[in-house]
Amino acid sequence: MAQFSWHMPRWFHQMGSPKWFYNFGGLLQPWFALAAVALLTCGMVWGLAFAPADYQQGNSFRIMYVHVPSAILSQSIFLSMAIAGAIGLIWKMKIAFMVARSCIAIGATFTLIALVTGAIWGKPTWGAYWVWDARLTSTLVLLFLYAGVMALNQAISERQIAGKATAILAIVGTVNIPIIKYSVEWWNTLHQSSSFSLTEKPSMPAEMYLPLLLTVLGSYFLFGLVVLIRTRSQILQTQNGASWLLQHKDISGAK
Amino acid sequence: MYFESVGELWRMAGHGPYVWSCYGLFMVLLAVNVLHARSERLSALKQAKAFIRRNRN
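From first to last, the protein sequence lines are chains A and B. 2 is the number of the first residue of the first sequence in my numbering; add one for each residue after it. 5 is the number of the first residue of the second sequence in my numbering; add one for each residue after it.
Okay, chain B solo, but in the shape it has when bound:
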């Protein structure tokens, strides 16, 4: 590791808040995109199944 300790990794000689907030934002917003796409897929699957059930009876 480049840093001597985990504390230093966290503080990054004063740049910690800037760096960590950027990485956090990157991960959270991308995860939201994937999760939203995933939930859209689950509801599309549900709809398609319901359509088949309706038309079978």
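Excised from the complex, chain A in its bound form:
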């Protein structure tokens, strides 16, 4: 196969270096942790105690501040995983496979939270925990896709092959993402359409959507934090004996 000869910027190739990723990730990690904790705490306290109740749903609408970020992240993480996998396949970058692997558990967690909080919200709002509606069903399929990706990744012990297989399944699985996104428009559904969009002005008053903005951003930072920690652990596991690692302060004991 002909080699790709696109000219990629320097930082792109730097990211593929285990040493560079380990060190740069180590610098980012505490800031991501701080941002995640601060944004999530403010957003949740605001959403729970200070935002006004919804005129139709009453206080149950406060579930939105944890449900919507989880639903957004469940899809963003799946896409990130597929993109990282594709980068790994195209540029044969091991770090990209590690990043994709780090996405699986946290993505599945956000999907599970979105489904369970949605079910709990459904009870006082629709009168039922679960309905076989297009949005709910396609999100359940997403959870199964995560489970499949996780099983495949763990079933293959050779990391490079596991990375490739996982990447292909993740790329194929992204077909489900537009289905989830447009399910509320394509089919008759109980689920309300998007309450939040990057391109449009929010339909809610500021004191209702600002806490949501905080919990969404906080969730992204938390996702970033987990991916950094997990990818750096995989670098430690696979770089045994590398000279940069032998002298690294994390290993040589000089704290």
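Some hints could be false.
[Said to hold, decoys possible] Reference listing, derived: stretches of chain A covered by chain B, where coverage requires no fewer than 3 residues with Cβ under 8 Å from a Cβ of chain B:
1. 101–111
2. 121–131
3. 164–170
4. 225–236
[To be verified] Okay, the calculated beta carbon distance ranges per label pair:
5. A/Trp187 x B/Ser47: 43 to 49 Å
6. B/Leu46 x A/Glu186: 42 to 48 Å
7. A/Glu159 x B/Glu12: 19 to 25 Å
8. B/Ser47 x A/Ile162: 19 to 25 Å
9. A/Trp127 x B/Lys50: 45 to 51 Å
10. A/Ser18 x B/Met31: 32 to 38 Å
11. A/Trp21 x B/Pro21: 23 to 29 Å
12. A/Pro206 x B/Ser47: 43 to 49 Å
13. A/Ile252 x B/Ala17: 53 to 59 Å
14. B/Ala54 x A/Arg11: 31 to 37 Å
15. A/Trp92 x B/Lys50: 30 to 36 Å
16. A/Ala120 x B/Lys50: 37 to 43 Å
For the record, the hints were derived by calculation from the structure and aren't laboratory data. Quick reminder that beta carbons are idealized off the backbone N, C-alpha and C, glycines included.
With chain A's structure known, arrange chain B on it following the hints.
Using the frame of chain A, we list chain B on its own:
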């Protein structure tokens, strides 16, 4: 605060159990993810240190 008292914040006019269980689930599951990643890192560090010790002797 939107509510008159802490008791009302807790009850949320009958929606308390729904709202609080969702927030609890969100926090617990995310904390488990971070803690698990953290313990994975500690054991990876331990392994790397052991590897160096073995190869030094």
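So, going through the hints one by one against the coordinates:
Against chain B, the segment 101–111 of chain A contributes 3 residues with a C-beta closer than 8 Å to a partner C-beta. That satisfies the three-residue criterion, and the hint holds. Evaluation of the coverage hint for the segment 121–131 of chain A: fulfilled, as 4 residues show C-beta separations to chain B shorter than 8 Å, against a requirement of three. Under a criterion of three residues with beta carbons nearer than 8 Å to beta carbons of chain B, the stated coverage of the segment 164–170 of chain A fails, only 0 such residues being counted. Counting residues of the segment 225–236 of chain A whose beta carbon lies closer than 8 Å to any beta carbon of chain B gives 7, which reaches the threshold of three, so the coverage claim holds.
Take A/Trp187 and B/Ser47: their Cβ atoms lie about 46 Å apart, and the range 43 to 49 Å holds. The beta-carbon spacing between B/Leu46 and A/Glu186, approximately 47 Å, falls within the hinted interval of 42 to 48 Å. At roughly 58 Å, the beta-carbon separation of A/Glu159 and B/Glu12 lies outside the given 19 to 25 Å, and the hint is violated. Between B/Ser47 and A/Ile162 the beta carbons are some 24 Å apart, a value that agrees with the proposed interval 19 to 25 Å.
Taken as a hint, the range 45 to 51 Å holds for the pair A/Trp127 and B/Lys50, whose Cβ atoms sit roughly 50 Å apart. The given range of 32 to 38 Å is respected by A/Ser18 and B/Met31, whose C-beta atoms sit roughly 36 Å from each other. With their beta carbons about 49 Å apart, A/Trp21 and B/Pro21 fall outside the hinted range of 23 to 29 Å. Checked against the given bound of 43 to 49 Å, the beta carbons of A/Pro206 and B/Ser47, roughly 48 Å apart, stay inside it.
At roughly 56 Å, the beta carbons of A/Ile252 and B/Ala17 sit within the given window of 53 to 59 Å. Between B/Ala54 and A/Arg11 the beta carbon distance is about 35 Å. The supplied range of 31 to 37 Å therefore holds. The hint said 30 to 36 Å for the Cβ distance between A/Trp92 and B/Lys50, and at roughly 32 Å that hint holds. For A/Ala120 and B/Lys50, the Cβ-Cβ distance of about 40 Å falls inside the hinted range of 37 to 43 Å, so the restraint holds.
Violated hints, listed in ascending order, are 3, 7, 11; each of the other numbered hints is respected by the structure.
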